[in-house]
Amino acid sequence: MKPNSQVFAKAAFAVFQKDLLAEWRSRATLGAVALFSLAAPITLGFSLAQQKLTPEAQGALLWSVLFFAACIGLPRAFVKEEESGTSALLRLHFGSDAVFWGKAAGQMALLMVTQLAAIPTFILLLGARVGNVPLLLAVTVGGDLGLALSSTLIGAMAAQARGRGALFPALAAPILLPFLATLGVATGAAFGARVDSTNALMVVAAFDLALVGAGVLGFELVWK
Amino acid sequence: MLKFIASAWVLVGLVIGFVMPRAQDLKTTPIAFFHVPLAISMLLLFVLAAVWSIKWAFFGRDARDDARSLAFAEVGFVAGLIAMATGMLFARTNWGAYWSWDPQQVGVLGTLLTYAALFALRGATDDEGTKRKLWTVYAVLGVLVACFGSYVYRQILPPNASLHPNQTLTNSDALFKFALWFNVAGYAMLLICAANVRARFEIIANRLDERVWRGT
Chain P
1 MKPNSQVFAK AAFAVFQKDL LAEWRSRATL GAVALFSLAA PITLGFSLAQ
51 QKLTPEAQGA LLWSVLFFAA CIGLPRAFVK EEESGTSALL RLHFGSDAVF
101 WGKAAGQMAL LMVTQLAAIP TFILLLGARV GNVPLLLAVT VGGDLGLALS
151 STLIGAMAAQ ARGRGALFPA LAAPILLPFL ATLGVATGAA FGARVDSTNA
201 LMVVAAFDLA LVGAGVLGFE LVWK
Chain C
1001 MLKFIASAWV LVGLVIGFVM PRAQDLKTTP IAFFHVPLAI SMLLLFVLAA
1051 VWSIKWAFFG RDARDDARSL AFAEVGFVAG LIAMATGMLF ARTNWGAYWS
1101 WDPQQVGVLG TLLTYAALFA LRGATDDEGT KRKLWTVYAV LGVLVACFGS
1151 YVYRQILPPN ASLHPNQTLT NSDALFKFAL WFNVAGYAML LICAANVRAR
1201 FEIIANRLDE RVWRGT
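Chains as they are written, first to last, in my numbering: chain P, 1 to 224; chain C, 1001 to 1216.
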């Protein structure tokens, strides 16, 4: 008899693997998110070519781009399940915890892969100077974790309503407003702004923790 | 009975607001006794809306608790809109502009947007059980956003980033503090009464819906 934690980890990994495999076969979400992440800095760079942007503005713009890119692809994880009728099978085979963590890990992987190209493109085109690379990495991981957790919880909610994916940005934007503003401040500090990055990082970590709590407690209610 | 006490309390509070000494760092004071209590009451009502929805989800799934949660969120939302509008008048007088992207103003705007999204989510769900489950989770997230947006976010900004004076309460006359908390208690009571009336209407509407479905 396997311990519960081992069964849970195996189930969550199976959900994660299923999502990655499905994405690898179609590459629809990855393509859409990656294209938007590249097109948005190009559009911004083109329209702001003659402007001297402050590090604070660059930090805020980076997370605006990353958030809207996430809005395009992330809600698909649950909308796809509802449209193809596989959500019932998922409910039968796996516990809600395993689905939540498996899906969140899948969203996180998708975000990190697209940002490998999107963040350097943004820095290059908008002339941002990274003064503190470890801080930028820490903010990116913290931000991606928050985006992945919230998009899993809110995506599951939006998928059960009329309009499905279309409702996701309207639900996610207000919830993530203080989080995105904080990420903008912390990223601005990594780009050279004179603000206290420790406090901003602590707020990012606190929001991530709050989302973990809300996700663990709320997802079961939404999913069952 | 409570609604008569609350109404009288608010009327007395309004009079007190006009005769109190001026607050530290403010050019005009009376509106503070209306705007600030409404903003605090808005947060209180949103917390109560989340509490009623948690009660629905984990303690018996009584439809009346969900109706109360909806009522508290709706009345809190209206209080937030009034607090926002009066806050803009307050900002024009004290800081020279209706809207100046003050972190606290943006925090309240974000909170109101969250609850607008919550109402949209409720309207976009057909099944009653699903509607109530989604409402519960989003109402709890709403309180999280209200706390982060209204309080935590401004802590990471430089001290002069917010136009809202931080020391008004501590530096002002003791009478000012009394008048402010007197008004907070009055508006909180009045809005809770209003929410209870709204909840009663919602509960009656739910019962009528059930009768229509059953054909009785």
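There may be inaccurate statements among the hints.
To be verified - Here chain P is said to cover these stretches of chain C; the calculated rule only asks that three of the stretch's residues, wherever they fall, bring their Cβ under 8 Å from a Cβ of chain P:
#1 1080-1091
#2 1112-1126
#3 1190-1200
What the hints assert, rightly or not - Example chain P residues on the side facing chain C (calculated, C-beta under 10 Å, incomplete):
#4 Gly-131
#5 Ala-161
#6 Ile-175
#7 Pro-178
#8 Asn-199
#9 Ala-214
Claimed, not checked - PhoX-like, lysine-lysine: derived pairs with alpha carbons at most 25 Å apart:
#10 Lys-80/P x Lys-18/P
#11 Lys-1055/C x Lys-1131/C
#12 Lys-10/P x Lys-80/P
#13 Lys-224/P x Lys-10/P
#14 Lys-224/P x Lys-18/P
#15 Lys-52/P x Lys-224/P
#16 Lys-1177/C x Lys-224/P
#17 Lys-224/P x Lys-1131/C
#18 Lys-80/P x Lys-1055/C
No wet-lab data here; the hints were simulated from the structure. Note that the structure is a prediction, hence the values are computed from the model and not measured. Note that the Cβ used here is the ideal one computed from N, Cα and C, for glycine as well.
Exercise for review: Starting from the hint list further up, note which numbers the structure goes against and sort them upward.
Suggested key: 1, 3, 4, 15, 16, 18
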